[in-house]
Amino acid sequence: MYRIAKDSINLLFAKIAEENALYLPVDNEKGSSEYKKWEDGTVMSEKLNTVRSPKDFFFPQVENLMEFKTEGKNIQLIDIREDSEDFVVFGVRACDVKSFEVLDNVFLNEPVDTYYKNRREHGVIIALACTRPAETCFCGTFGIDAASPAGDISAWMTDDTLYLEPNTEKGEKIIALLGDLVTECGAEAVEAQQESTRRIMKKLPLADLTTDAFGGDKTEEFFNAPEWATLSESCLGCGTCTFVCPTCQCYDIKDFNTGKGVIRYRCWDSCMYSEFTRMAHGNNRLSQLERFRQRFMHKLVYYPANNDGMFSCVGCGRCLAKCPISMNIVKVMKTLGGKNNG
Amino acid sequence: MQVNEKKPLIVAFCCNWCSYAGADLAGNNRLSYPADVKIIRVPCSCRVNPMFVLRAFQRGADGVILCGCHPGDCHYTSGNYYTRRRMAMLFSMLDYLGIEKERTRVEWVSAAEGAKFAATMNDFAQTVAALGENKRLEDLRCKR
Amino acid sequence: MQKITRDVLVEKAASLLENGTVDRVLGWKKGEFDYDLTPAVFTSADDLKDLVWNDFCGANFSKYLIANTKKSASKVLVFLKPCDTYSFNQLLTEHRFDREKVYAIGIPCEGMADISKIKAVTGDGISSIECGEKINVTTIYSDDTVSFDLSDVMAERCVNCKSKKHVAYDELIGEEGDVIESGRFDEVERIENMTADERYAFWQNELSRCIRCNACRDVCPACTCEKCVFDNPNHSLENKAPATSFEEKMFHIIRAFHVAGRCTDCGECSRVCPQNIPLHLLNRKFIKDMNTHYGEYQAGAEVGSRAPLVNYTTEDVEPGDVFEGRE
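Chain order of the listed sequences is A, B and C. Heads up, the first sequence is in this note's numbering, so the first residue is 1 and it goes up one at a time. Heads up, the second sequence is in this note's numbering, so the first residue is 1 and it goes up one at a time. Heads up, the third sequence is in this note's numbering, so the first residue is 1 and it goes up one at a time.
The shape of chain A in the complex, shown without the other chains:
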């Protein structure tokens, strides 16, 4: 484990930024935080987490895939893929780090998504342990320890010191880059912080929520449950939950006619939208109930069925905070799975 005084954190950022694009959560004037590129003078946010998840770094909302140019009767296909810049994301929370694993299962399995892979290979995650979780947090439900985040480097911030523990080769390289800025140290302070955080986690209102009732083999049990009707009753059909979600990974591929050619791009799509997965024969989910059910069945049943039981929710709580009608996965789990669905 390594340490650096909190006062010197700007030196650390500057050092990392010498060789990488560095992104970190920064407060905006609306009182929430968002990932911004670090430059001299950038102050890191003290907020628990960003409104928009860090999945943008690997799976951006809009991404151009290729271009076509037409000349006469010829169509020329232009490969616009470029090597991603080397970048470091600092301050990713444990839940969001876990979300990358969820995305990896989708994009890095055959057929490999080269766009995603490219970014993933060039990105280094420095994960920051939580100390003051919010009432909306329930990462523990999915076996995530907010006090011990994964990532290429795990980090802990105390009142006066930042502690760093590299977990991967990429992480080691960053530590090497930091050189004299950091010094080796013991883990006592970190352990004390972890213990305190874990105590807090137990006091959270959603601490007892479990996933016991859910899993890959529950399709028949839940698919026709009458509760979906009440749960989805007032759903607006907007995409807030899916777009703030760190694990939602559905996208659409579209062509944009520039007048001189065509840009083929992909963009996030939401299963809450009426046109989601529309095919030649029409839409396969005609009611909001079906769309709503799709989202939660995917997170709690279908995804685990295809990924060794891993759920595609990490308990970050963004949908709890942002849904316009405050309907969310916790309410779904409690309604379908019993009180604490245990």
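Fair warning: there could be bad hints in the mix.
[Said to hold, decoys possible] Here are the simulated lysine-lysine pairs, DSS-like style, with alpha carbons at most 27 Å apart:
hint, chain 1, residue 1, chain 2, residue 2
1, A, Lys331, C, Lys30
2, C, Lys49, A, Lys331
3, C, Lys119, A, Lys203
4, A, Lys173, A, Lys117
5, A, Lys73, B, Lys143
6, A, Lys47, C, Lys117
7, A, Lys254, C, Lys165
8, A, Lys36, B, Lys135
9, C, Lys71, C, Lys101
10, A, Lys254, B, Lys135
11, C, Lys162, C, Lys117
12, B, Lys38, A, Lys260
13, C, Lys134, A, Lys203
14, A, Lys260, B, Lys6
15, B, Lys7, B, Lys135
16, A, Lys30, C, Lys71
17, A, Lys30, C, Lys288
18, C, Lys49, A, Lys334
19, C, Lys162, A, Lys30
20, C, Lys164, C, Lys12
21, B, Lys143, A, Lys69
22, C, Lys119, A, Lys202
23, B, Lys7, A, Lys69
[What the hints assert, rightly or not] Residues of chain B clear of chain C, computed beta-carbon distances all greater than 10 Å:
hint, residue
24, Asn16
25, Asp36
26, Ser110
27, Ala115
Keep in mind that the hints were calculated from the coordinates and are not lab data. C-beta: ideal position from N, C-alpha, C; glycine also.
Model the placement of chains B and C on the given structure of chain A, informed by the hints.
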């Protein structure tokens, strides 16, 4: 007047009954106006909804002008009165968003006003040229 | 603090359900944390135990009437705050639901709290919120209770409330209020007085945060198209994501324009925006301009009124002259 190297591209929506005929008359009378004014004929100026205007900017227009019958002379009695309100609101909104208000204009041109059509287009083209390229409502994808 | 209690509403709803006047009740349902209420449909007296009425009942039920009146065999009971009644009338003007199938109860509103204003003081980790004379908040991080006056944490739209008067109801609980003078156009004026460059920078910054979740559109009681142009794959302007800054502006200009003259300024768009974009400032700009140039008009103040953009006079201002008196 400052003249940019790149000539401004202007989209002119002209109503079929007055302004388009006015443009015709300008042509018949050999009155010149910039070739970069691209005329789109519409049945009535009120056929133009705000998306047409925005879309023109997206596709590379530097200025957008609507021409219709003089108020009171609409072929459909009242179409241009609605145009007048709609475009007043749209232009005010564009200005509110910080987009140069000189890039948009509404002008009433009758079928007999070939000279006014040419003069209007010359004046508008000059104004837009002075502003330079449309940056604030551009879509970079359409510019490469 | 709200002037009437939850029990009054529950009692009323229970009796109307029981005597068969209504078979559906639209109300706010208890959430996980005291502030995250969900708009819900209650169909039995037993369900009503979860009905809540407190300082967090911001959701406007008017739009839900479109779907719910179709599902109801008798009538739908809806509780309407003063601002909700304007949306209610506007939807009636547009023939979006059958008035005969609604039993509307007007309820007084003292303004609604904005949870983000509370959290700005208390921080995260709220363990309970009690709405009484004061709003008492406790967190898991402190044994102390933090007390707020509602007026200190009120949502922007309530601070600038335009009316305490119910313009539509079958029955009114409590006293009728009045239309009030508000400062709701002050912020619009402030932006108008900026230079064009400042205005551009301001909106560029605000709109660049948009994630195109469409919540502003989907919650809007004036946005009731069966198929929005932005969702229509057959339309060349369909877009699911703001691919460029142009598309951000396009969506928001068109969204606001399409409700211009029909927007009652209920403020739901800004309430639901996950990125806190002040969308109401676009709507209010249109309202202010229409008031200035075409005479005072309040959408939804009465059923059947003709909105400024579907009306005209022969003396209207020319589009080139709307900027007069401004830079």
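Quick rundown of the hints versus the structure:
Taken as a hint, the A/Lys331 and C/Lys30 pair is honoured in the structure, with Cα atoms around 11 Å apart against an allowance of 27 Å. Annotation: proposed proximity of C/Lys49 to A/Lys331 holds, straight-line Cα distance about 17 Å (limit 27 Å). With a CA separation close to 18 Å, the supplied pair C/Lys119 and A/Lys203 stays within the 27 Å bound. Pair hint A/Lys173 plus A/Lys117 holds up; C-alpha atoms about 20 Å apart against a cutoff of 27 Å.
At roughly 22 Å between alpha-carbon atoms, A/Lys73 and B/Lys143 fall within 27 Å of each other, so this suggested pair holds. Straight-line distance between C-alpha atoms of A/Lys47 and C/Lys117 comes to about 15 Å, which keeps the hinted pair within the 27 Å bound. For the given pair, A/Lys254 sits about 48 Å from C/Lys165 by alpha-carbon distance, which is inconsistent with the 27 Å threshold. With a CA separation close to 24 Å, the supplied pair A/Lys36 and B/Lys135 stays within the 27 Å bound.
About 10 Å separates the Cα atoms of C/Lys71 and C/Lys101, which keeps this hinted pair within 27 Å; it holds. Restraint check for A/Lys254 and B/Lys135: the C-alpha separation of about 25 Å stays at or below 27 Å, so the hint holds. At most 27 Å may separate the alpha-carbon atoms for a hinted pair to count; C/Lys162 and C/Lys117 meet this at roughly 21 Å. Taking the CA atoms of B/Lys38 and A/Lys260, the gap is about 18 Å. The hint holds against a cut of 27 Å.
Using a Cα cut-off of 27 Å, the hinted pair C/Lys134 and A/Lys203 holds, with the two alpha carbons roughly 25 Å apart. Distance restraint check for A/Lys260 and B/Lys6: the Cα-Cα separation of roughly 18 Å lies within the 27 Å cut-off, and the hinted pair is therefore satisfied. Note on B/Lys7 and B/Lys135: the hinted pairing holds, with a Cα-Cα distance of about 14 Å set against a maximum of 27 Å. Restraint check for A/Lys30 and C/Lys71: not satisfied, since their Cα atoms lie roughly 40 Å apart, outside the 27 Å limit.
Under the criterion of a C-alpha separation no larger than 27 Å, the hint pairing A/Lys30 with C/Lys288 is consistent with the structure, at around 25 Å. Of the supplied pair hints, the one linking C/Lys49 and A/Lys334 holds, its CA atoms being roughly 18 Å apart against a limit of 27 Å. The hinted pair formed by C/Lys162 and A/Lys30 meets the criterion: a straight-line CA distance of about 24 Å does not exceed 27 Å. A hinted pair counts as satisfied when its Cα atoms are at most 27 Å apart, and C/Lys164 with C/Lys12 qualifies at roughly 21 Å.
With a C-alpha separation of about 14 Å, the suggested pair B/Lys143 and A/Lys69 falls inside the 27 Å cut-off, and the hint holds. Of the supplied pair hints, the one linking C/Lys119 and A/Lys202 holds, its CA atoms being roughly 21 Å apart against a limit of 27 Å. For a cut-off of 27 Å, the pair hint linking B/Lys7 to A/Lys69 stands: about 25 Å separates their Cα positions. Residue-level check passed: B/Asn16 sits 20 Å from the nearest beta carbon of chain C, beyond 10 Å.
Residue-level check passed: B/Asp36 sits 21 Å from the nearest beta carbon of chain C, beyond 10 Å. Taking the minimum C-beta to C-beta distance to chain C, about 16 Å, the non-interface status of B/Ser110 holds against the 10 Å cut. The non-interface label for B/Ala115 is consistent with chain C: the shortest C-beta to C-beta separation is roughly 20 Å, beyond 10 Å.
The structure fails to meet hints 7 and 16 from the earlier list, while all remaining hints are met.
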